[in-house]
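Taking the hints into account, I'd like the entire structure generated from these sequences.
At position 98 of the sequence shown (counting the first as 1) the number is 97 in numbering that gives the first Met the number 0, and the numbers step up by one without a gap.
None of these hints come from the bench; they were simulated from the model. In this text, all values refer to a predicted model and were calculated from it rather than measured experimentally. Ideal Cβ positions, reconstructed from N, Cα and C, are used throughout, including at glycine. All clues stand as given, with none of them false.
Distance windows between CB atoms, simulated:
| id | residue 1 | residue 2 | range |
| --- | --- | --- | --- |
| 1 | GLU515 | PRO582 | 51 to 61 Å |
| 2 | GLU515 | VAL209 | 34 to 44 Å |
| 3 | ASP176 | VAL247 | 38 to 48 Å |
| 4 | THR517 | ARG241 | 50 to 60 Å |
| 5 | LEU597 | GLY98 | 50 to 60 Å |
| 6 | ALA274 | PRO551 | 14 to 24 Å |
| 7 | ARG622 | ALA274 | 15 to 25 Å |
| 8 | THR633 | MET574 | 21 to 31 Å |
| 9 | TRP345 | THR517 | 16 to 26 Å |
| 10 | GLY454 | HIS178 | 39 to 49 Å |
| 11 | LEU261 | GLY621 | 14 to 24 Å |
Listed below are the simulated EDC-like cross-link pairs for lysine to aspartate or glutamate, each with C-alpha atoms no more than 20 Å apart in a straight line:
| id | residue 1 | residue 2 |
| --- | --- | --- |
| 12 | LYS231 | ASP58 |
| 13 | LYS143 | GLU515 |
| 14 | LYS90 | GLU200 |
| 15 | LYS56 | GLU111 |
| 16 | LYS56 | ASP112 |
| 17 | LYS143 | GLU201 |
| 18 | LYS90 | GLU201 |
| 19 | LYS143 | GLU200 |
| 20 | LYS145 | GLU200 |
| 21 | LYS143 | ASP513 |
| 22 | LYS145 | GLU201 |
| 23 | LYS56 | ASP176 |
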Amino acid sequence: MSLVGRDERASPPRGPETRSRRSSNLVIGVLASTGIVVSLQSSIVIPLLPELPQLLKTDSSSASWLVTATLLSGAVATPILSRLADMFGKKRMILVALGAMVIGSAVGAVGEDLGLLILARALEGVGMAAIPVGIAMMRDELPKEKVPLGIALMSATMAIGAGVGLPVCGLIVEHLDWHSIFWLTGAASLLTFAVVARVLEESPIRTGGVFDIKGAALLSAALSAALIALSKGSHWGWLSGRTLGLVVFACIMFAVWVPLELRVRNPVVDVRTAACRPVLLVNAIAFFSGFAMYINMLVSTQLLQLPEDSGFGFGLSVQEAGLMMAPNALAFGLLAPVSAWMMRRWNPRITLTVGTGLMSVVYAVRMVASEEIWLVVLGSILVAGSTSIAYAAMPALIMRLVPATESAAANGLNTLMRSIGTSASSATAAAAASLGVTHAVGNYPTFGSLIALFGLSALLAGAACLLSIPLYRLVRDSEEQSDLVRVANGALVRGQVISSGGRPVQNAVATVLDAEGTQVDWAQVDSTGEVAASVAGPGRYLLVVAAEGWTPRSLWIVLVDETHVGSVVLPERLMVSGAVIRPDRGPAEDALVVVTLLTGDAVYSIRTASDGTFELPLPPNGRYVVTASAGQSTASVALDVWGGTKFLELHVGGSRPVAAHP
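If you want it as structure tokens, here you go:
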């Protein structure tokens, strides 16, 4: 493994620990404000949707594209800009996202045509990528004691902006022209762009490389098809040709995309990391939490705005309902410090369990306590508060589970899963409303159909809580006791893990530790064996390289700018070897040897050599059965693999026991 120490900035490294209290608070304030502005533009037009068909002289299905376009562009831009942020700079990609918002708001402010407004909303949706990139930037820029608060606040902005957007839209609709919505978001985006450009420093961790254009195109096509089907299924019909065609197309695109990502050097999404069980669990929790969070906004707003003659609505105006929902944003903001305290006092795993568990309990109570306006508002606030706790814990866990060089991309995927959850909740709410409609006094959803959505959210939040339990076993205690994140400042350990024959070892992991044995960073190799891990700067580090089925290697390295500091080769492939022997005739030539899992699936098969011996690559850790067959005689032995080469001696056709030796 060739290793190069590289300082990505011209100036000397400056760690987060050297920053003043004031500058750390300023970084948190700027990034959190960015998140609020981004979330504000995504939700501010939602209360206006009932009025848009008349304002734009179109039908409601066409007008709904103003929300769908934002959702689609945000879903596509989030993984792409997040990956670009890891490669070329986080501040740079935040500015790109904000710049798209400024342009989109300007187009919307002067646009009267539906097509122009859809374009405007699509450009504004690109801004959603700024939130996960901002969370990852906090990992690089803040001292460790400030990171939990920064993550909690940045995560909360997704709901704070949405909570502010509802009453603001109501005020604009009541007193100003509806185009003022775009003027407001444009001014806020432009101001935020200027502040970010002036205040924030570029993140020092940049891996460089060639962007995966094919992977980005396939992922964009798959996400677009899936989200359009979710968004438009209730209008087109869930079993219509268009909906089913989009679902099939999305499945095909994902099926092509995954193998591609496993082969390219700089994938848009590192499928290997994303497929690790802890990361997979946190992303599944993000989907369920996003679903439950959005149901709170959708159903609570409907209950407040439906007319009183529906039998259960409270007949509030858009502005009044928005003001009633405004405390949700306050709950998110106030509970961010509480979430940070919980993560410091205990750990993100407990914080996540508490947040999702509370959300499930509150939804269960709301099923039987939503008949008074104060109960609806209180229930909505409690769901928002519990969501704030869960949302703060997820990015903290993600950044513990992935290398520093992949923090933005991994957070982008987690944010994307939340967005897909909100899309699924919107589609589910539309389906539930259409299935349960009362025609007695108007075409309103029934009270039962809305309460059923509370029940579904309680189940999904409960599922998220249960999914957090395995994390207590899968996330090591040593990780919980260490810094919340691994802070690095600009130098990269680069190289390639190879075998003694010069071939890449594609399943290798490199861990970098400092002189005291504290983990600095880790990284998985890509499809070519290349790896890049971040460190705090030039110095002495311990490198440990391991790959399942190979003898591990370790060495001390001294990193200097642009200096090759040695190479590491994994020379020995761990093997399962042995011999098949007939007690009466000696070694069994050309005997069949088969390795099977306890589930019955075959793993390897081979024929013995002339001296009865065989040799197979050591399979992944686990329990297996090795069977030898020579003629009509057979023998089997159980094999436990946990590192280390194994030797087996199988006697077929006799009464001698089968022997297994380490």
